[in-house]
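Please work from the sequences and hints to get the whole structure.
Line by line, the protein sequences give chains A and B. The first sequence begins at 1 in this note's numbering and counts up by one. The second sequence begins at 1 in this note's numbering and counts up by one.
FYI, nobody ran anything at the bench for these hints, they're computed from the structure. Some hints could be false.
Once the Cα atoms are required to be at most 27 Å apart in a straight line, the calculated DSSO-like pairs of lysine-lysine come out as [as the list claims (entries may be wrong)]:
hint: 1; chain 1: B; residue 1: Lys-84; chain 2: B; residue 2: Lys-144
hint: 2; chain 1: B; residue 1: Lys-122; chain 2: A; residue 2: Lys-27
hint: 3; chain 1: A; residue 1: Lys-93; chain 2: B; residue 2: Lys-153
hint: 4; chain 1: A; residue 1: Lys-166; chain 2: A; residue 2: Lys-27
hint: 5; chain 1: B; residue 1: Lys-11; chain 2: B; residue 2: Lys-52
hint: 6; chain 1: A; residue 1: Lys-162; chain 2: B; residue 2: Lys-36
hint: 7; chain 1: B; residue 1: Lys-150; chain 2: A; residue 2: Lys-66
hint: 8; chain 1: A; residue 1: Lys-166; chain 2: B; residue 2: Lys-11
hint: 9; chain 1: B; residue 1: Lys-154; chain 2: A; residue 2: Lys-162
Simulated coverage check for chain B against chain A, where a stretch passes if three residues somewhere in it have a Cβ under 8 Å from a Cβ of chain A [claimed, not checked]:
hint: 10; region: 18–24
hint: 11; region: 28–40
hint: 12; region: 47–54
hint: 13; region: 138–148
One-sided and incomplete, this derived list gives chain A residues near chain B with beta-carbon spacing under 7 Å [stated by the list, open to error]:
hint: 14; residue: Ala-24
hint: 15; residue: Ser-75
hint: 16; residue: Ile-153
hint: 17; residue: Leu-160
C-beta atoms are modelled at their ideal positions from N, C-alpha and C, and glycine is treated no differently.
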Amino acid sequence: MNHPSLKKNKPYRRHLLRDGKLTAIDKRILERLQQDIYFVERPWKPMARELDISEVFLLQRLCRMKENGVIRRISATFNPARLGFASTLAAAKVAPEIVDQVAERLNGYHEITHNYRRDSEYNLWFTLVARNRRVISRVINRIRQYRDINSLIVLPAIRLFKIDAKFPIK
Amino acid sequence: MRRPARVLTQKDRSIIGALAQDIPLVGRPFKALASKLGIEEQMLLERIRDYKREGLLRKYSAALNHRKIGFRHNAMALWNMPEKDITEAGGIMASFREVSHCYARKKAPGWKYNLYSMIHAKSRRECLRVVRAISRRTRCEDVKILFSTKEYKKTAVVY
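Structure representation (structure tokens):
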């Protein structure tokens, strides 16, 4: 492949050959991608320049990391409260043998954005985000009627101290 | 400094909905998004910058698969924090790199915990080490630690 970054910096050639694993340049890309992309016509170009690679090469690596699932998505996250949206955390007590099925049913609600099994008596923990409080209450009330759910607690946030998932890539 | 919720037009809503989806991996992704929305690329870029400036847009970045980059373990630490200590404790928790989210939440009937921190690390031991460090610094020992054993869903908000 005739590529400026390859000519300039030989070690990158080796990384192109390794498929599944993260290469040194991938790691640098992922570090960078945890901050805002540029809001310009060609957003990858200034980012590539920062990383000392070409735009084409950056796009190739992004596609690769999307394919193998390292990158879930590159998208904008909004402040739901500032958009007038409401959100809450909730937890349910479910018999261990049916927790998978109940989780699947809950996943059917697009208002439920995160859903985890956790090892405690409340074993299903999920977050809801919706256009307003009323929609949240409606979904919660519907879930309360599940006969499989023994107890449900609703834990809306009062105050945000931090929201910033950033991972050092090593 | 909390600004009131911005009054969103229908156009804003469709733009926000589109931006919350995966960006196309092409040279001019905003042009592609704009044409889907039936607006000009420049207008879309202006809106994005406005949203960012107004604090509506939190971050335009990659959501990574934690597990695939080695952060296999996440713990939710639930704290029963005296009301008067919440602000200081929340600030302390937020200062830990391993803490991705930290919220004060309403107590529920029969549920005493009011401060929640999400901890991501490469091992359970490391998660526990962070909890202990937080516990020391906040002088709070009433904490419950819930490890996640299965991820059923993790998606973007549908705006």
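**OP:** Please name the hints from earlier in the document that this structure breaks, with their numbers sorted from lowest to highest.
**Re:** Of the numbered hints given earlier, those the structure breaks are 6, 8 and 14, listed in rising order.
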